[in-house]
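Chemist: In case you want the letters, here they are:
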Amino acid sequence: MSENMNLPKSHYHDEIVKTCLQFSVAWALLAMGVGVYIAAQLVWPQLNFDTPWLTFGRLRPVHTNGVVFGFGVSALMATGFYSVQRTSMVPLFAPRLAKFVVYGWQTILVLGALSLLAGWTSSKEYAELEWPFDIAILVVWVSFGVVFFGTIAKRRIKPIYVSNWFYGGFIIVIGMLHIFNNLAVPISIDKSYSLFAGAPDAILQWWYGHNAVGFLLTGGFLGMNYYFLPKMSGQPLWSYRLSIIAFWAFTYSYIWAGPHHLHYTSIPEWVQGTAMVMSVILLAPSWATMINSVMTVSGAWEKLRSDPALKFVVLALAFYGLATFEGSMMALRSVNVVSHFTDWTVGHVHSGALGWNAMVTYGAFYYMVPKLAGRPLYSVRLANVHFYLALSGTMLYIMSMWAAGVSQGLLWLSVDQVGELRYAFVDIMASMTSYYGLRFLAGFIFLSGTSLMAYNLYKTMGARKAIEARPPQVDPAYQV
Amino acid sequence: MTKNPIVFSFRSFFHPFATFQSLAGTELSPRAVFFSYALWLLLLPPLFSWLGAYASGWHLGAKEPLVLTPKSLTIVSIGYFLLLMFGFVSTAIISRWMAGTYGASRSLGLHFALVAIVGTPLALASVAHLFPHVFFNVLVLIPTMIWSMYLLYRGLPIILQTPPERGMLMASSLVAWLLVAAVSLLGISMALWTAGVGPFLGV
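These protein sequence lines are chains E and G, in that order.
By the numbering used here, the letter at position 428 of the first sequence is numbered 428, and the numbering carries on one by one without gaps.
By the numbering used here, the letter at position 31 of the second sequence is numbered 511, and the numbering carries on one by one without gaps.
Among the hints, a few may not be true.
Only pairs whose alpha carbons sit at most 20 Å apart, straight line, appear in this in silico EDC-like list of lysine to aspartate or glutamate [unchecked claim]:
hint, chain 1, residue 1, chain 2, residue 2
1, E, K124, E, D190
2, E, K371, E, E15
3, E, K231, G, E507
4, E, K231, E, E420
5, G, K543, E, D190
6, G, K543, E, E420
7, E, K158, E, E420
8, E, K231, E, E468
9, E, K371, E, D475
10, E, K231, E, E302
11, E, K191, E, E269
12, E, K9, E, D475
13, E, K154, E, D416
14, E, K303, G, E645
15, E, K191, E, D201
16, G, K543, E, E15
17, G, K551, E, E302
18, E, K459, E, E15
Rather than coming from a laboratory, the hints here were simulated on the basis of the structure.
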């Protein structure tokens with residue numbers, strides 16, 4: 001009887017986790033679909049049908065916002081709510097507020113996408129939504145933080161597991177970046193002007209832009225990795241101490257790296273130099289996590305026979321290694337002078353976004369959905385087909401963009417003996433069509449895999465309610 | 481393993497899995513694999529690229545090809561060869577280093593052979609460099625690379641005698657290293673161009 005006394009009376013709030021996961025899959029299909037469509041427009045420009053809201057300029061932010069904030073953040077909310085309950089061994093704090101967070105976030109995303117199609121834009125990359133949305137985002141984001149940290153505050157187990165450090169860092173830093181980068185003077189409902197001007201505005205924008213990559217697409221997803229990888233592999237982390245060191249080193253060094261997006265611009269050279277050095281230092285914590293994860297999974301090879309989810313995470317780690325190394329290298333001024341503005345940058349982003357973010361999320365979803373549904377995955381075979389589609393789509397994408405980027409870099413900068421540019425920009429642009437065709441094909445292959453996953457997860461979960469799981473007994477040695 | 485590189489390359493190209501099987505559990509000298517086989521394969525890509533670029537310049541997509549002087553071409557080709565050699569040897573050594581974690585054979589000669597056999601299709605497909613249109617090379621080399629990756633995933637557990645699942649993990653770790661090596665090649669090339677080696681850039 002005494003054992004049962006320290007068990008909470010209510011079960012985990014997984015229904016909201018399930019809903020959020022479904023929203024995430026829907027955004028993956030929609031936003032990746034838009035990505036494939038605009039990739040096709042770069043091959044066949046007539047696909048915009050001379051309709052303003054179908055033009056590349058309006059659809060591109062719908063793609064990026066839809067993938068990062070629709071698919072990515074919804075996945076982080078779903079996995080964050082799922083894992084914080086289990087690592088704190090209590091149901092969610094303020095479950096109604098959690099519902100508000102999930103539905104509020106989806107409302108912002110849908111209306112925000114419509115506003116982008118209508119041509120409303122602040123013109124700041126990855127922060128295009130205008131001021132009414134920025135205020136709404138702040139309200140939802142603070143509520144997200146209250147639910148997350150409230151759950152940790154009422155935990156029944158003393159240690160705060162490392163995944164929560166990463167999720168927590170993601171919530172705090174993204175909130176901070178969002179506030180400062182969106183400080184603006186509104187002049188009408190659909191237009192505002194940044195409070196900052198010129199070079200300071202650019203520095204602030206890329207402090208935001210790069211750390212959105214850092215703390216959302218890297219930090220948040222590392223939280224996902226640190227929770228799901230040991231769960232899937234049934235092994236404790238290879239080195240818990242290394243994971244904590246990696247967290248603090250990552251947090252400290254990432255925040256400085258943003259100005260490497262502004263090499264050779266009018267910002268001070270020492271700011272560019274600092275960003276370059278910190279970008280290189282950043283490789284250490286990034287790879288510490290990769291090695292820690294690879295070593296954790298290396299003892300769990302037998303699980304690969306039955307578990308398709310683990311394959312995705314293993315591959316995600318390989319692409320995480322690539323993308324973090326590539327990023328540090330592209331931050332070097334002597335490389336950046338050639339690579340900047342080329343399609344290599346687009347390829348780099350997608351080696352991270354497809355290879356790391358999407359793959360680790362797919363792994364987490366293939367793990368979570370059968371648990372939430374209380375029955376095995378509908379088809380392991382389909383998941384395996386998805387794996388090969390995702391791998392080949394990603395490889396084809398990044399290789400076509402490598403070739404396109406290197407060609408562009410060379411052609412743009414080639415000069416003759418008297419120092420005149422040798423090639424006309426328009427000729428170089430026209431010569432990229434074949435690479436863009438390959439990229440379109442790559443995106444289509446990747447999207448096909450995602451569609452198979454959506455079908456597989458739908459057949460697994462259907463209209464079922466999430467299983468009611470209860471928190472377990474806490475070891476007295478670790479009890480709060 | 482036969483001493484004749486041509487015979488061995490044909491065998492490993494047309495019957496890779498039989499080759500993996502026949503080498504499994506044997507003791508090979510890394511030096512023999514390198515000098516009697518790998519070295520000749522590694523010479524092919526720089527040689528083909530030198531010949532192709534000398535004859536018609538680099539066709540990067542724009543109308544006019546980018547023509548380099550024979551001296552610049554030779555420097556670029558020697559650099560290409562040295563980087564390929566470094567990539568080959570370092571991949572084999574890293575593979576051996578990883579083998580301990582994945583319960584695979586630690587005989588260095590077998591790791592040299594693994595990298596050589598997996599790399600054979602790529603080295604042979606570099607004949608595409610004779611026609612130095614970048615997009616044509618991309619079209620030839622991407623499917624070849626996919627075939628090489630398939631050989632790595634399927635062949636590694638056979639030649640290094642480890643269960644397929646552990647082999648999959650080790651192959652993925654090697655792929656991570658190879659991707660990093662490939663992207664380093666791009667970065668190093670760009671840094672060298674910026675420093676004035678190779679094509680004449682206005683930077």
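Chemist: Does each hint hold? Answer for all of them.
Modeler: Cross-check of the supplied hints:
no.: 1; hint: K124(E) - D190(E); result: holds, 14 Å
no.: 2; hint: K371(E) - E15(E); result: holds, 12 Å
no.: 3; hint: K231(E) - E507(G); result: violated, 39 Å
no.: 4; hint: K231(E) - E420(E); result: violated, 59 Å
no.: 5; hint: K543(G) - D190(E); result: violated, 45 Å
no.: 6; hint: K543(G) - E420(E); result: holds, 17 Å
no.: 7; hint: K158(E) - E420(E); result: violated, 67 Å
no.: 8; hint: K231(E) - E468(E); result: holds, 19 Å
no.: 9; hint: K371(E) - D475(E); result: violated, 23 Å
no.: 10; hint: K231(E) - E302(E); result: holds, 14 Å
no.: 11; hint: K191(E) - E269(E); result: violated, 33 Å
no.: 12; hint: K9(E) - D475(E); result: holds, 18 Å
no.: 13; hint: K154(E) - D416(E); result: violated, 69 Å
no.: 14; hint: K303(E) - E645(G); result: holds, 8 Å
no.: 15; hint: K191(E) - D201(E); result: holds, 17 Å
no.: 16; hint: K543(G) - E15(E); result: violated, 59 Å
no.: 17; hint: K551(G) - E302(E); result: violated, 54 Å
no.: 18; hint: K459(E) - E15(E); result: holds, 17 Å
Taken one by one, the earlier hints fail for this structure at numbers 3, 4, 5, 7, 9, 11, 13, 16, 17, listed in ascending order.
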